[in-house]
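Okay, so the sequence shown: first residue is 1 according to the working numbering, each after it adds one.
Since the hints were derived computationally from the structure, they do not count as laboratory data. Watch out, some of these pointers could steer you wrong.
Here are the in silico distance ranges between beta carbons for each label pair [stated by the list, open to error]: (1) L57 with H333: 56 to 64 Å; (2) L181 with L57: 35 to 43 Å; (3) K292 with T129: 56 to 64 Å; (4) H222 with L22: 18 to 26 Å.
Think of the CB as a built atom: it goes at the ideal place given N, C-alpha and C, for glycine as much as any other residue.
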Amino acid sequence: TLYQERARFVSPYAVQVGSLCLRARAFILATGSTVSHVPIPGLEEAGYLTSDEALELRQAPQSMIVLGGGPVALELAQFFSRIGVDVTLLQRSAHVLSNMDEDLARPVEVRLSREGMRIYTHTHLQRVTHTGTEKVVHFLHDGREKTVSAQVIFKALGRRPNIDGLNLEAAKVEVRDDRVLVDETMRTSQPHIFAVGDVNGLHEVVHLAIQQGEIAGWNATHPDCPPRRYSDRLKAQVVFTEPQVASVGLSEKECQARAIPYLVASYPFCDHGKALCLGETDGHVKLLCDPKTGQVLGAHIVGPEASELIHELIAVMYFHGTVADLLQIPHYHPTLAEIVTYPAEALLEQIHNLTP
Numbered sequence: 001t002l003y004q005e006r007a008r009f010v011s012p013y014a015v016q017v018g019s020l021c022l023r024a025r026a027f028i029l030a031t032g033s034t035v036s037h038v039p040i041p042g043l044e045e046a047g048y049l050t051s052d053e054a055l056e057l058r059q060a061p062q063s064m065i066v067l068g069g070g071p072v073a074l075e076l077a078q079f080f081s082r083i084g085v086d087v088t089l090l091q092r093s094a095h096v097l098s099n100m101d102e103d104l105a106r107p108v109e110v111r112l113s114r115e116g117m118r119i120y121t122h123t124h125l126q127r128v129t130h131t132g133t134e135k136v137v138h139f140l141h142d143g144r145e146k147t148v149s150a151q152v153i154f155k156a157l158g159r160r161p162n163i164d165g166l167n168l169e170a171a172k173v174e175v176r177d178d179r180v181l182v183d184e185t186m187r188t189s190q191p192h193i194f195a196v197g198d199v200n201g202l203h204e205v206v207h208l209a210i211q212q213g214e215i216a217g218w219n220a221t222h223p224d225c226p227p228r229r230y231s232d233r234l235k236a237q238v239v240f241t242e243p244q245v246a247s248v249g250l251s252e253k254e255c256q257a258r259a260i261p262y263l264v265a266s267y268p269f270c271d272h273g274k275a276l277c278l279g280e281t282d283g284h285v286k287l288l289c290d291p292k293t294g295q296v297l298g299a300h301i302v303g304p305e306a307s308e309l310i311h312e313l314i315a316v317m318y319f320h321g322t323v324a325d326l327l328q329i330p331h332y333h334p335t336l337a338e339i340v341t342y343p344a345e346a347l348l349e350q351i352h353n354l355t356p
């Protein structure tokens, strides 16, 4: 039965749905996320666009200030820039795509700048003012005060789990930093209540939300069977800028933070035949592997068709493959796909050099 109503918990085993009180043995929270509220003095008064509103515009503005440097910010910033909008992007961190390794972000920054976009990194937003048709953002850039003005502001400062109105306190579900905490079976602090997708804040991408939903659905309806479990070993992310960025598995940042030993090698598209033929030479492919076994720990691509090329590496990692395994796979020439063999060769040589 489908109820198109707002629901809120009244106890761990009951929800109020409109005028009805429904009880169940299990619940799955899949309420998604909403635009984060970041308190910037004057922003609300000046007005801004979110990603939803930006996609509904019927006329392109003359100029735009983009607040944020994540995937959505970059994808829409490049789109608007390419249709003639004068775009300035402000990013708080030292580089865009701050959750990724810096070497993946830099080719994107270079391309966007080459296309005419102004990018300021390492900024601190201070306030927003508006005069007539212009909105002005006041910020610190490397400690110095600056201002930029534009017709519209596009706020892309992230999203937060959509838990408002669920009354999770009544369900005794634990929440931390607006995230519904879950274990690998997608169970919350209440074993019969599950949370999947953006609402748990693990990884805010569609295919992982679907995977989590399948796990939660099975576990909720098969309480007497061994539970299915979620693993982020194969977590993948794609940024649909040009050049595209795609990653799976561990990054160098993550390996360093978790003290995981690794070897790394990369190969540039500017020295790759098919990329030269296509005129798409920005970026590179980077592989990380275990120093002893050669098992692929992570794969990262910034360049042409990265969103497609990453799937071969996801498949190799799914089967716990090594760089030697990757080299055993025939790759047709000339193709973009064969570029993954070059860092694999370099890693295999590093492993041999480490072997006594």
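Here is what the structure says about each hint:
1. L57 with H333: 56 to 64 Å: violated, 44 Å
2. L181 with L57: 35 to 43 Å: holds, 38 Å
3. K292 with T129: 56 to 64 Å: holds, 58 Å
4. H222 with L22: 18 to 26 Å: holds, 21 Å
Going down the numbered hints, you'll see the structure goes against just number 1.
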